[in-house]
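Engineer: The listed protein sequences derive, respectively, from chains A and B.
With numbering that gives the first Met the number 0, the residue at position 68 of the first sequence is 67, and numbering never jumps.
With numbering that gives the first Met the number 0, the residue at position 471 of the second sequence is 470, and numbering never jumps.
Everything labelled a hint here was simulated from the structure, so no lab data went into it.
Errors might be hidden in some of the hints.
As the list claims (entries may be wrong) - Straight-line Cα separation of at most 30 Å, DSSO-like style, residue types lysine-lysine; simulated pairs:
#1 LYS131/B / LYS273/A
#2 LYS572/B / LYS179/A
#3 LYS179/A / LYS407/B
#4 LYS551/B / LYS107/A
#5 LYS425/B / LYS273/A
#6 LYS551/B / LYS405/B
#7 LYS107/A / LYS652/B
#8 LYS179/A / LYS420/B
#9 LYS528/B / LYS209/A
#10 LYS407/B / LYS85/A
#11 LYS273/A / LYS12/B
#12 LYS422/B / LYS179/A
#13 LYS90/A / LYS122/B
#14 LYS651/B / LYS107/A
#15 LYS179/A / LYS414/B
#16 LYS107/A / LYS425/B
#17 LYS209/A / LYS407/B
#18 LYS273/A / LYS551/B
#19 LYS414/B / LYS107/A
#20 LYS107/A / LYS418/B
#21 LYS273/A / LYS404/B
#22 LYS273/A / LYS572/B
#23 LYS107/A / LYS12/B
#24 LYS273/A / LYS533/B
#25 LYS107/A / LYS533/B
#26 LYS418/B / LYS179/A
#27 LYS131/B / LYS107/A
#28 LYS273/A / LYS548/B
#29 LYS273/A / LYS405/B
#30 LYS551/B / LYS12/B
#31 LYS414/B / LYS404/B
#32 LYS273/A / LYS420/B
#33 LYS651/B / LYS421/B
#34 LYS122/B / LYS273/A
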Amino acid sequence: MAEEEKGEDIVSEFLHQNPHLAQWVESLRGHCETNKQWNARREFILRNMEAFPTIHPGHPSPSLDRLLSLSMVWTNHVFLGCQYPKPVMEKIMEMAEGVVVHEAPVRKTRDEIMGKGKRSASSGSEADGSQKKLKVGCSESESRSSTRPAGRAVASEAPKPGPPPQAVAEHQPFFNRLYKTVAWKLVSAGGFGPNLDHFDILRVCVEAAKASLSCTFVPLRDIPDLPAGRAQREGQVCELRCLTVYLGTGYGRDEDAARAMASKEALKIFQGRKVTVRICRRRFRGRDVEDLVLLDEQSRTSGLPPALSYPFQPEPATPSVS
Amino acid sequence: MGVPAFFRWLSRKYSSIIVHCVEERPKECNGVRIPIDTSKPNPNEVEFDNLYLDMNGIIHPCTHPEDKPAPKNEDEMMVAIFEYIDRLFNIVRPRRVLYMAIDGVAPRAKMNQQRSRRFRASKEGVELSEEKQRMREEVIQRGGYLPPEEIKERFDSNCITPGTEFMDNLAKCLRYYVADRLSNDPGWRNITVILSDASVPGEGEHKIMDYIRRQRAQPNHDPNTHHCLCGADADLIMLGLATHEPNFTIIREEFKPNKPRPCSLCGQVGHEIKECQGVAREKQGEHDQFADSLPASEQEFIFIRLSVLREYLERELTMASLPFPFDFERSVDDWVFMCFFVGNDFLPHLPSLEIREGAIDRLVNIYKDVVHKTGGYLTESGFVNLERVELIMQAVGVAEDNIFKKRKDDEESFKRRMKEKKKRMKAEQRPSFLPSGQFAPHALGGRDRPQAIQNARHAAYDMRMQGRDQRNMDAAQSLKAMMRNGNGNQSPAGPSNALDSRGVKRKADDSDSEPEPEDNVRLWEEGWKQRYYKTKFDVDVTDDAFRRKVVKSYVEGLCWVLRYYYQGCASWKWYFPFHYAPFASDFKDIKDMFTEFEVGTKPFKPLEQLMGVFPAASGNFLPESWRALMTDPDSSIIDFYPDDFAIDLNGKKYAWQGVALLPFVDERRLRAALEGVYPDLSPEETKRNSLGSDVLFVGKSHPLCDFIQELYTTGSSEGTEMPPELCHGIQGTLNLDEDPILPDKPVESPVPLLRDLTQNQAIGIQFKDPQYEEGFVFKAVILPEAKIPAKVLKPGDWEKSSNGPWRPQLGFNPNRQQAHLDQSAFRTLGHAMNRDRDRQRGGGQYSNTPPPGNYHQGNYRPPHGGHAQMYPYPRQQGPLRGAPPAFHPQQYPRQQYGHQGWNRAMQSQAGAYQHNQQRGHGGPGNYQQRHSRQEDHRGPQGYNSGRSYPLPPPARRYNWN
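One chain only, chain B, in its complex shape (with noise of 0.2 Å):
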């Protein structure tokens, strides 16, 4: 989902659903790396099922890394996707499969987007090597010093889209992946991959969706699989949820505000490529040693935990006094359907509907009236309620008037907030008098003499009273109109001189004050709604035919994403055809606008969509008569191809935060256009235009290998279900494969850097999700043989007497092996510590300091802060040096320990997340330095004060797809 903000609010709002992962770090001996064996229990101390990756979510910062250098060819990039899938299974270590899905051809209504997100790709991208090119020049004019250009092209991340030769090559470097890791490592032994790559038809994750839907819906499927998703969208969670499968988890990369990235011009953190200087590298670390790992740079990963989700929103959504009994599921899907108002990929969203604003819990609110009012739901397994939805949408716009009132009072509170502040700052900087008449400073060197002072007593006066009148403020005014006087009398020339001179320098002051984008709309105004479809749609509001369409639009919009949410996708056609939303107040008689969407539509072939999502400066992706349809004035798709498009910046800020206003695509024209040109394909083209097939692996030992061999031997052609007993109960069709992996045919390596595989244990082999009848209708329902996982909230009812305190579950273990001291460590504790601290107020911490030796430079860990506000009593004894490993199960700083039991730790790991989402304002955020060498750092206001985030920049924005 499009909504960066909805995964912090998310984890703000339900703190406990955040699980730091436990990793297991390769170790050294020698200079030789052992590898890890996944196949060991999980430190994690939970179980996974099933691994299924979202691949776009790796594959974009493997080749285009945001916080280190690029690498250099699609070598390097294929390596870098291998390690990160060999980190997360590594973290995960799924026992049954893994299935990893790229993107293949998106349903027509993501196209809008994707479009989008392309056009401005291929502008970022010439912007920014522009801009390097004329810092390089000028960097080296002044002497600089610069690692020499790479000869390497500029990498358009445009290629990754289904279609073109990089994610064919890519397809084909997963399958020697996958067939070494089943031939070589031991953790991999038993497990079954599914490869879905691009040109299988379907979203990333629509098709891991798609995949557990189908597995559910059979009678072999295990209820209570543990299932395993990675991936960074926000939609994730939507779709974990619309599964109603009990043990469902979501794994992520921990987002860290203001993460340093090196500068694209030289490689060094700390500056950006506007202020690159050029200077020589300093080294990291006494010899060096550091150089290769940047402080923090190493991205960590936390687990989603939907089940503490769900008892989240168990607590939110439970009604009582319903006419009839309360079903939580039913619930569950009401309120993933009541997201997408806020926001999704394939609708713009409402103009009144703000996450940041609190919307869902308004929404909620809502909700809960309109179900007790109609009796009944808003969703049932995929499809929409109208009428039900109609009452939500009234009741929103009621209030939309006054939400665009806030919004406005609130922006400019802040906006005054931080004129304050801005004039705070300034008048530190000015001497905040400055005397006038004959005390006035003067220039030296000027004409004037220095004349003796007279009358100094009643000068001085004078000066006193027109400070009281409070007239000072204007001195500096006055005082530089009257050196500007002094001069014009003398030289005529003089005044425009000084104008001047006053010109440029104001010129500074206004490049901070430069007007604001003016806003035509000014919803806080009445007549907003007039002039919003005057200036977004260029119609008048007394158009209502128009109005009417634009809601017809987006209703059938929410009923196609909800039942591709809970159904796949219904319409690979429908798409949502304006660039605005409509009001929530316009939801009028919506109750038969929508009926049913086509049936049979068919995806677009790769190239199809290519041409559908590319800018012409992408081209080079396409075969050449192709291309030129992208360019000619004679084409007769030439419109869909601006270069150069408008956009509304719609009350943000930057530009790639507003709404590119692009042309939509005539699907009719298009195809036509490319009847002409494919003839022009070569065979090779031809076959990456083709639909292609999942692909499961296994290796040698696995039940399902023998049986496979089996079926190339026999060379059957018709697909074959597969025994459902030889794969913990997964179903499917299997069909052979052309040009398949078998055990024993070498396979070899696609990139240079690694070696062929000589001894192959796997064998692959054509795969296809379970089918089912036409309108067949996938339950939204927990399985009748579902256990529901323990709860982990505290209850509602909780009553110390009886119970004893609360202990709060911080991993997936409710009964954790908590960390616990032998004797030597309690001796050296005894030695480093002051004996009598019982006596001591507050709680004997020990040291926020890592271990020596272990790199912590501007290594964030959230406990520290949460440690200082704790303990406000700093404590000066000796900082607990070369603690045990053995002391923590965990990597050392997220253990905490107060005196008053050692295996208590006080604050869960989701409260120290939170701690990290929680930041204030401004605040430059280099705490990193000073921690390193810091030893014993426990001052009352030492980290928590000081320390707060800016808000987090919303820059990072990797284009999935």
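Just chain A, same shape as in the assembly (with noise of 0.2 Å):
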């Protein structure tokens, strides 16, 4: 938000210093637009404006119908979801750079509908996991653009990291396959109880739907954020992640114990109804982040503990993965 504010700020000040663009910039507003559509392409025009040397204001010309149609092509891309050829895609892409568009629609192309209504029919369960997995391979910047190909996630958020709107939806599916592949575990072993192995049932469970588990340790006493007035200082802590969603965070004594703590309680979510991802705010590394959480449906955004990990930095993270 604040950052949005700020690059508002700087239009408002670059029209104040030149007040005979402002009236001029100001008749290039489209009918229907509405005040972000337009604040946003506002910027974007004022932004590329050198780069048309031929645009006067004031006068029609072709360069200034170019620049106008571009930055239609941007808005287009970022509020209603529509895909350009791939030379017009980068094209935008680059001269959106720095343009801040907090909390952009979220869409569906009809591509996007239509190859889904065609995976699910030929049962593709092969391909579904497989992509998943190259998912949690490579890092999340790659991946995010093999699934929406010079995304309009890329310009938006480049400056504010944080999960791609779309991956709520995403995993969602994935996740609601494994909540009946845990369940169904858990009958097996006879229920949920304080005497299981919870680290491999969840294990086995996560790589029985074609994912990995990855596991983040670090030392209780590196982590900040932590209340004031806690006796122990010595031990591990563990966080779980799967396909980049937050399961749970354990401590104990080793790495191992802490790691079967966390398990107990990413297990603890499976006992509900059912399990959704979302994205929560949560402190990482002593600021506020988005991430991606698993959540069952009582459980309260709140008590979030700090985040150990932060797959969605646009620099791979790199978890030590057991």
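The two chains are supplied separately, each in an independent frame; assemble them into the complex guided by the hints.
Structural biologist: Okay, structure coming up:
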């Protein structure tokens, strides 16, 4: 939010300094544009004006139309969800650098809708799983661009790291499957209880769903944001993620114990009637970030422990994977 | 109107408006086809004066039919179109005018819809051909047989847009067709034909309306002209009502649900492309004589009598105790206006008004209240009184909350019912009880040997108790878990394997319980308005200015649409610039939101319009440099042409039902960009890009012919008024055609399949509708000398005692000649029937079976169902074989006989039609096969219980225009 306001500040300051432009640029506004769209597009236009030296404010010209057209391509992409041929997309992505849009709407393109239909028809559990695995393997920014070529996420969120907006929808089906797998597994193990090898159960289920668990270990003393006055300073903390989605955190004397505790916490989520992937705010290295979190229907988002890893940074995070 | 549900709703509620067409079939004698003489009286027992064809409703099904294999090339398409027109002409048999209107450039307001259709069609086309290719390979790999792939190019239905070569060619072909029929067909001899091709701006049906409007505003118009308009769009009904002509009938194809569609791969019926096996074709009939006639392949036609609809409406809308005399004509206009709220081609419909939920009835009730309160009507001759509209909207707005809640409830209970049904079906497949414990079934060949049963009595008791506790529901589950446990203990790799295999199995189940598309708006929950504006428009609810903007545009839209229907296109430029409608409750203070439209706006040129509605993938219909504007990254209009676009399912299930979020076209930028490429047009393209004129044709024997010939010989360059007395009072301005069709000048056939016309008898000349001064208002009234047709509906105060039983009218003729039997027929009957039939209860009904030799496989006739219901007492007697054809003036099965009176058909056709429309849920619709060979099938539950149609697939959508 702050960054967006900052962007707006720059624009209004710029227009304040160049009052002759202010009126002109306002004349370019489309009749049905919302304030939000127009502010973004205006910034896009103003930032790229210099690249079109033949534009003379106040005079219609082909080069102005070209800039307008590209600005529309960009807003159509960001706000309506349109996709354009690759060269066009690359061009506008470049031009849009630095323009911040907060909370761009999430849209599903026709191809995505139709593609989805096809996959479920041909029971592509294989394709499904391998895709997911691939995503775990490579850094998030790469996998994002693989799902949405030159995605709008890149443009609108590059300055602010966070999970891509479509991630929730993307991951939910997987966790629905995982939910069932876990439920069956627990039934066969005689129900959820203290005497289980929680990590093994979770690992087996995740692997059966063709994904893998990632564990991050951090010594307790290295964690900032701990409530003051805690007696213990020794021991390990483990964080579990699957497909970048946070499952649980656990503490123990050593890594194994921490991992077992984290797994137990994670399995608790699966005791509800369903699990949901959500974007939640939580602390990470002393700042607030948006994280993908798996929740059951009751759990509150406020009580989340601070994150130990954060897979949504522009630079690939390197969690120690066990 | 883009509301398929509208016609269904209308024909269900007002069932008597439907009359089935009687069609004389061409006879064949020694292999020679005898053409039908359409100058003979109309077998429908009504004479029509004018027939109007909304050609796009003909072009689409003829060029890419859904129920039969597509024509191979353009020539075949043209021939199919000709045949279709011939067929319609034979049914309707107009006596004065045949008006053919092809969609020309449409008003800007329509462009968004056109864009959306064409962008989708282009993608669907590509997907279909990919699917075809994939399946073809698969089938051939499996060793299946497929007819050789045609070399033809994929027909891009997008070429049915004004400005393309195809449309130009079509216009040429139609000219040839008209000249040919005028010269050779006796039924056409005295007809005036007007052809308005795609070069004349305006949507087809609106060009027709314009013609009617302008004719009836001039003094020579015959107020009792009987109009017949052909087209399937529901808005034709509105348009027809809007003319206030007392005799107006619409003809359209009868919609039959679940018509078999041929597989697009092998061309056979009975499966879809996904299940194509590539099996060789089966013989149709004993000697394959029915090979070309798919069962029920011929669409039947129905008439929709607007005069009857007006009767219905009069009953519904009439308000007693008004402070002023009730004017039915005004209330019809208001009704038409309110139907626009529910859906039209130019505006998205209001979220709270859904036709299936009785939106129109709700509106009518509110409307009556408002008229009482405000003392006046909503509209006058196409102009809207916004103050009163606001009252209506506010009344809907009050109910909005409840409407959404109820919608959700209905949806939920529907889902629940379906779920329960599914559960029932599933339960039937599974054993209801699985023994547990030591009795549990074990897989054969497992490691554990079968062991002797111990303590059987106790085990049985346990199982019984378990059953009593209703825990055996979980029996299957625990059984599975147990078996897996047994495995897991023995081999460490076991569990994951077992899980794995189960994982796959569950997967199949998951696919049908797939999470529904998330609905972020949740209209049924508190705060729906905020969420709606946030998700649909991406604005906060506090952004009042924006909301007002949407409402203002919508109000303008309502005014524009009504004006369009009653006065013609008010502005070629206006359009609704959003993808969604506001809520009814947002219509506050709308009185001053609309003043007037910009005057003097001009339509796009055809090629300009193509640039506005085509995706880049259809660019091949455009000149090269124009096409480049659609793909070049440096193009100044590149933003109009996304590759892929978002679809908001908006609560619907399928992509094609959703809202396509396509960007709107900036007219100024489009024109500016095209300025640069205009010089690249070839002369031929320039001609295609110009606006053309209607053309009028008459045959040599028509009184107007000499007059026109005279014009050509004198070669007058200015327009000449048409003398109204020569042509049934029709007026207009005639201008010489540049390349006219003249008598005795041969007409070259543009279709190689057809002969050149050497003995041409027709003459053609440019025709222009009568012009009126600017600001002229076409009055929406019944003309003074018009005679209102006789009533058809049963009067509300009908008294049986004094008038006898009510006899519903079946066709157009109230005193229709009923079928009667001569002596020989009675003899035949007496021979075939029980003589003492009078003693039997119920009515004697002879047979449902058609005469032998009549190929009836799958040709569903609604009255059969009616029979079975009406005669619950089956009687075993021989069917009446070989009924003499003279027996029925109509086709056989439609006529019904009760023994209480020969000439009393017991159910109106309309009722039968309704029966056709009322269908239950589910139920495979393949009753046809049974029907064919079953001779005596009158069991009480024969047809009526087993056969229920599933709801018609919503997939029936041609993209007119």
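Engineer: All hints are to be evaluated individually against the structure, with a verdict given for each.
Structural biologist: The hints, checked one at a time:
1. Distance restraint check for LYS131/B and LYS273/A: the Cα-Cα separation of roughly 40 Å exceeds the 30 Å cut-off, and the hinted pair is therefore not satisfied.
2. Restraint check for LYS572/B and LYS179/A: the C-alpha separation of about 56 Å exceeds 30 Å, so the hint is violated.
3. Distance check on the hinted pair: LYS179/A and LYS407/B sit about 28 Å apart at the alpha-carbon level, within 30 Å; holds.
4. The straight-line distance between the Cα atoms of LYS551/B and LYS107/A is roughly 29 Å, inside the 30 Å bound, and the hint therefore holds.
5. Between LYS425/B and LYS273/A the CA atoms are separated by roughly 23 Å; this keeps the pair inside 30 Å, and the hint holds.
6. Distance restraint check for LYS551/B and LYS405/B: the Cα-Cα separation of roughly 29 Å lies within the 30 Å cut-off, and the hinted pair is therefore satisfied.
7. Proximity of LYS107/A to LYS652/B is assessed by CA-CA distance (about 14 Å); at most 30 Å being required, the pair is judged to hold.
8. Note on LYS179/A and LYS420/B: the hinted pairing holds, with a Cα-Cα distance of about 23 Å set against a maximum of 30 Å.
9. A C-alpha spacing of about 41 Å is found between LYS528/B and LYS209/A, which places the hinted pair above 30 Å, so the restraint is violated.
10. For the suggested pair LYS407/B and LYS85/A, the alpha carbons sit about 42 Å apart, so the restraint of at most 30 Å is broken.
11. Taking the CA atoms of LYS273/A and LYS12/B, the gap is near 45 Å; set against the 30 Å cutoff, the hint is violated.
12. This hinted pair checks out: LYS422/B and LYS179/A have alpha carbons roughly 19 Å apart, not beyond 30 Å.
13. As the CA atoms of LYS90/A and LYS122/B are separated by approximately 25 Å, the hinted pair is consistent with the 30 Å bound.
14. Under the criterion of a C-alpha separation no larger than 30 Å, the hint pairing LYS651/B with LYS107/A is consistent with the structure, at around 14 Å.
15. Restraint check for LYS179/A and LYS414/B: the C-alpha separation of about 22 Å stays at or below 30 Å, so the hint holds.
16. In summary, the hint linking LYS107/A to LYS425/B is not supported, as the alpha carbons are separated by about 34 Å, beyond the 30 Å threshold.
17. Under the criterion of a C-alpha separation no larger than 30 Å, the hint pairing LYS209/A with LYS407/B is inconsistent with the structure, at around 37 Å.
18. About 44 Å separates the Cα atoms of LYS273/A and LYS551/B, which puts this hinted pair outside 30 Å; it is violated.
19. For the proposed pair LYS414/B and LYS107/A, the alpha carbon gap of about 25 Å is at most 30 Å, so the pair holds.
20. Among the hinted pairs, LYS107/A with LYS418/B is consistent with the structure: their alpha-carbon atoms are about 28 Å apart, no more than 30 Å.
21. With a C-alpha separation of about 25 Å, the suggested pairing of LYS273/A with LYS404/B holds against the 30 Å cut-off.
22. Distance check on the hinted pair: LYS273/A and LYS572/B sit about 52 Å apart at the alpha-carbon level, beyond 30 Å; violated.
23. At most 30 Å may separate the alpha-carbon atoms for a hinted pair to count; LYS107/A and LYS12/B exceed this at roughly 38 Å.
24. A threshold of 30 Å between alpha carbons decides the hint, and for LYS273/A with LYS533/B the separation of about 27 Å falls inside it, so the pair holds.
25. For a cut-off of 30 Å, the pair hint linking LYS107/A to LYS533/B stands: about 17 Å separates their Cα positions.
26. Taken as a hint, the LYS418/B and LYS179/A pair is honoured in the structure, with Cα atoms around 19 Å apart against an allowance of 30 Å.
27. Distance hint between LYS131/B and LYS107/A is fulfilled; the C-alpha atoms sit about 26 Å from each other, no more than 30 Å.
28. For the hint pairing LYS273/A with LYS548/B, the CA-to-CA distance comes to about 42 Å; that exceeds 30 Å, so the pair is violated.
29. As the CA atoms of LYS273/A and LYS405/B are separated by approximately 27 Å, the hinted pair is consistent with the 30 Å bound.
30. Only pairs whose Cα atoms come within 30 Å are accepted, and LYS551/B paired with LYS12/B is rejected, the gap being roughly 33 Å.
31. Annotation: proposed proximity of LYS414/B to LYS404/B holds, straight-line Cα distance about 15 Å (limit 30 Å).
32. Distance hint between LYS273/A and LYS420/B is fulfilled; the C-alpha atoms sit about 24 Å from each other, no more than 30 Å.
33. For the hint linking LYS651/B to LYS421/B, the alpha-carbon distance of about 22 Å falls within 30 Å, and the restraint holds.
34. A hinted pair counts as satisfied when its Cα atoms are at most 30 Å apart, and LYS122/B with LYS273/A does not qualify at roughly 37 Å.
Hint compliance for this structure: hints 1, 2, 9, 10, 11, 16, 17, 18, 22, 23, 28, 30, 34 are broken, all remaining hints hold.
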